[in-house]
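Student: So the chains spell out like this:
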Amino acid sequence: MADPLVARVCWAATSWRLAAAMWMRAALSYRTSFVLTSLGSLAITGLDFVVLVLMLRHTGRLGGWTLPEIGLLYGTSGFSLGVADLLIGSVDGLGERIRSGELDVLLIRPAPALSMVCAERFTLRRIARPLQALAVLGWSLGELPLHWTWGRILLLPTLLISGTVIFGAVFVAGAAVQFWWDESREFQNAFTYGGASLLSHPPGIYARKLLAGATFGIPLAFVNWLPLLYLLDRPDPLGLPAAFGLASPLAAVLSALGAGLAWRAGLRAYRGTGS
Amino acid sequence: MDTSAGLYLAIARGGFRRYSTYRVATLAGAFTNTVFGFILAATFLALWRAKPGLGGYGTEQAVTYIWVSQALLVTVAAWGGGFQDDIQARFRTGDIAVDLYRPVDFLGWWLAAELGRAAFQLLTRGVVPLAVGVLAGQAVLPHSVLTWPVFLVSVLLAVLVSFGLRFLVSVAAFWLHDADGLRALMLVISMFMSGMLLPLTLFPEGLRQAAQALPWSAIIQVPCDVFLERYGDRPLTGRVLGELGFQLLWAVLLLAAGRLAQALATRKVVVQGG
Chain A
753 MADPLVARVC WAATSWRLAA AMWMRAALSY RTSFVLTSLG SLAITGLDFV VLVLMLRHTG
813 RLGGWTLPEI GLLYGTSGFS LGVADLLIGS VDGLGERIRS GELDVLLIRP APALSMVCAE
873 RFTLRRIARP LQALAVLGWS LGELPLHWTW GRILLLPTLL ISGTVIFGAV FVAGAAVQFW
933 WDESREFQNA FTYGGASLLS HPPGIYARKL LAGATFGIPL AFVNWLPLLY LLDRPDPLGL
993 PAAFGLASPL AAVLSALGAG LAWRAGLRAY RGTGS
Chain S
41 MDTSAGLYLA IARGGFRRYS TYRVATLAGA FTNTVFGFIL AATFLALWRA KPGLGGYGTE
101 QAVTYIWVSQ ALLVTVAAWG GGFQDDIQAR FRTGDIAVDL YRPVDFLGWW LAAELGRAAF
161 QLLTRGVVPL AVGVLAGQAV LPHSVLTWPV FLVSVLLAVL VSFGLRFLVS VAAFWLHDAD
221 GLRALMLVIS MFMSGMLLPL TLFPEGLRQA AQALPWSAII QVPCDVFLER YGDRPLTGRV
281 LGELGFQLLW AVLLLAAGRL AQALATRKVV VQGG
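Just so you know, the protein sequences line up as chains A and S, in that order.
Plus 752 on top of the position in the first sequence (first one is 1) and you've got the working numbering.
Plus 40 on top of the position in the second sequence (first one is 1) and you've got the working numbering.
Only part of the chain A face toward chain S is listed, based on derived beta-carbon distances under 8 Å:
1) T784
2) S785
3) G815
4) W933
5) E935
No lab work stands behind these hints: they were computed from the structure.
Quick caveat: nothing in here was measured; it's all calculated off a predicted structure.
Beta carbons are placed, not taken as given, at the ideal position from N, Cα and C, and that holds for glycine.
Next comes chain S alone, as it looks inside the complex (with noise of 0.2 Å):
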C-alpha cells in the first residue's frame, strides 16, 4: 500500500515536471487565458451596468467571475484536453493495448498524471489572469481567509469530476476506434453546461436546472460560486458543503462508472486478442 501511494505520488510529480519544462508556451497561454479575461470582462461589465444583479451576481461578482473562470479552464480542462490526448495518440500506436496489462493500475495512472498537471496549471495559468484581475482593479478576492482551503477543495474535486467525464470519453474509443467525434461532442456540452461561457442562473428556467443538476457544472460554476462567496462569507456553512457534496457525488459516480468501463474494456481487449 505505502508502495504504491509513492508510486502515484511519483507520477504526479512526472505530470507536473512535464508541463513545467514548457515555460514558454505556459506563459503564452497565461497571457491568452488574461487577454480572453479583459475582453469578456469589458461584455459583463456592459451587460451588469444594463442590468445590475442580473443572475443574481452584484457587478463586481459578475466581473470576478469571469477572471475565475479563465483562471480554471486549464485547470479543470473544461476544453478537454490533458492526459485525453496522451491517452489518444496511444490508442493510435496500438500502445494502449499495453498500457492495460501493466501492474499499474490504468484509471489510477492518468488520474495520478492529471493531478500533477492540473496543480502546475493552476499555479501558473490559473495564478496569473487572477493576479492581473485583481492587479487591474476588476476582480475581487474573498473576504474570508477561510474561503480559500473550501476554494482549492472545491477545484481539486472539480478536477476529478472533469477527469471522470474525460475518462470515460477516452475509454469508449475501445469500441468507436476513434473517440474524436464523442470528444467534440463532449467539448461542447462542457463548455455550456460547466458555465464557462455564461453563469448558469442566466439561462432560461428548463435548461438552468437541468444544467445545475448535471456533472458539468460541477467543474466551473461550482467552483466560482465557492470563490465569490455566493453562499456567505462564512464558508462552512451547510450550503457550502451541499456545493462540495454535489461535486464529492458526482467525483465518485463518474470514477466508479470509468473502474467498470475499464473493466468491460479490458475484456474486450483479450477477446479481439490484444
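Same shape as in the complex, but just chain A (with noise of 0.2 Å):
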C-alpha cells in the first residue's frame, strides 16, 4: 500500500520539477527584466517590513511586542507563504486555463495535473520574498535575548517546514474551489496574502472570534503564532494550552490532507468547458 504512494509522490515531483525547469529556462530568456522584476520583488516585499519599521518608530511597540519580536513573525510569516508560493503558487491560475480549455490538455499527459499547475510559469523571482524574510528573522533572532534549548533551536525549522505546508495547502485548497467557482482565484489572496499580513502582527490586537478562526478554522495561527509564543514564553490570548505551540507538524499534515481531498473533489467534479 505504501509503496504505489511513495511512487506517486515520487513522480509527481520529478514531474513538477521537468515542467518548472522549462519554466525557468522561458523566464530567462528576457534576463533584464528578469532581474529587475527580481529586485522589484525583493523591495515590494521589503516595504511591509519598513513600514513596521517606521510605526514601531513612533510607538516602540505594537500591541506590546518590540520590533525584533514583530521581525520574528514577519520573517516566519514571509519565509512560510514565500516557500510555497515559490514552489506551487502558480496553482491559483488554474480557473484560466479551465476557461481556455488548457487544462484538458494538460489532463490526458502523462504527469499528474496538479504538478503541471503548481509550476506552471514557474520562476526563480518568487525568491526574493522567503529571502528577505529570512534576512529579517536573522536579524531578529541576534536582537533577541533568547535562552537556546535544543527544543527551541528544533522548533525553528519545525515551525518554518510546517507553515509552508499549512500555507502550500492554503493555495491548493483554494485552487480546489475555482473547479466550480473558475473566477473565485482572489479569494484565496484573502487567505495567502491576507494570511501573512495577519501573521505578521501579534495576536492580540486582533479580536477574538478571528483568532480563533484562525487557529481551529483555517489553520494559519500554527505556521507562526502559536509555536513563537511558546518560545517567547507569553501567554495565548485565547488562553490555549502549551501544547499547541507544539503542534503544527500535526496541523500542517491536517492540512495537506484536507487540501488533497479537496482538489480530488475538484478533479472529479470538473466536466471542461468545451473550449
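Assembling the complex is the task here: the two chains are given apart, and the hints tell you how they should meet.
Tutor: Below is the structure:
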C-alpha cells in the first residue's frame, strides 16, 4: 500500500521539477526583465517591514511586542508564504486554464495535473520574498535575548516547514474551489497574502473570534503565532494550552490532507468547458 | 468633435461593461479588500491606541484612512494593472504597431477604457469595503454632504495621475522591448509613496516632504485626506482647492509627457519599419 503511494509522490515531484525547469528557461530569455522584476519583488516584500519599522519608530511597541519580536512574526510568516508561493503558488491560475480549455490538454498528459499546474510559469524571481523574510528573521534572532535549548532550536525549522506546508495547503484548497467557481482566484489572496499580513502582526491586536477562526478554521495560527508564543514564553490570547505551540506539524499534515481531498473532489467534478 | 466624444464614451462604456462580466471575480476582489481592511484596521487601532493623534490623525480618522485606501486601491490601480495588462499583451503579439495608426488617438483610447474600468471598480470594489467598514463601526463618513462631490473629483484626478504614470511605463516598452522590470519598480514606488501602506505624515521628515511633492501622493493620500475632511468640513476652502490643484497639475504634466512619448514612439516605429 505504501509503495505505490511513495512512487506516486516521487513521480509527481519529478513531473513538477521538469516542468518548472522548462518555465525557468523561458523566463530567463528576458534577462534584464528577470533581474529587474526580481529586485522589484525583493523591494515590494521588504516594504512591508519598512512600514513596521516606521510604525514602531513612533510607538516603540505594537500590541505589546517590540520590533525584533515582530520581526520573528514577519520573518516566519513571510518565509512560509514565500516558499509555498515559489513552489506551488501558480496553482491559483487554474481558473484561467479551465476557461481557456488548457486544463484538458494537461489532463491527457502522462503526468499529474496538480504538478503541472503548480509548476506553471515557475520563476525563481519569487525567491525574493522568502530570502528577504529570512534576513529579517536572522536579524530578529540576533537582537532577542533568547535562552536557547535543543527543543527551541528544533522548533524553528519545524515551524518554517510546517508553515510552508500549511500555506501550500491553502493555495491548493483555494485553487480547488476554482473547479466550481473559475473566477474565485482573488478569494484565495485573502487567505494567502491576507494570512501572511495577519500573521506578521501580534495576535493580541485582533478580535478573539478572528483568532479562533485562524486556529480552528483555517489553521494559520499554527504557522507562527502559536509556536512563537511558546518560544517567547508569552501567554496565548485565547488561553490555549502550551501544547498547541508544538502542534504545528500535526496541523500541517491535516491541512495537506484536507487540501488533497479538496483537489480530488474538484478534479472529479470537472467537466471541461468544451473550448 | 461631437462624433469623437461619442466614440470615447463608447470606449469607456466598453471598459465598464468588460469588467462587469466577471461577477464572481469582482466579488472575490471586494472580499479580499475587505479582509485586508480588517487586518490593517486592527493594526492601526493598536498603533493609535498607543499614541493617539499620531501623524495628525485621530484614531477614528486613522482607521477610516485604511478603509478608504482599500476602497481606492483597485479604482486608482495603485497596484498597477488595468490597461497596462492589455498594452503589454499587444506588445507581445506585435499588435501595438497597428494601434499607433488607428484613426483613434492611442492615449485617448486607453484613457477612455481606463476611466470606464475605474468607474466600475469604484462602484464595486470601492463601495463594498467602505460600506463594510462603516457597518462594522470602524469607518466614519464625512460630516458635510458637500465633501462627497469634492471627493469624487479628487478620485477622478487620482485616476488621471495614475493613468499618466502607468502610460509612461507602457510606452517605455517601445524602447525597452519589455517593460516588466520598469513596471515592477514603479509598483514599489507607487505602493510606498502614494500613502497606500502608511499615511505619508508618518514618514521621517525629508522623505515625507519628498513624498508629498511627488505625483504618487495624488493617487491615495490626497483623496483619502479629502474624504477624512482633514482640511475642515467646509470642503471648498483654499486648502482643499490647493490639494485638488496639486492633483490637476500632475495630471496635466503627466498626460502631456505621455503625449510627447507617444509621438516619439510613433516615429520610432516608422524608423523600424512597423
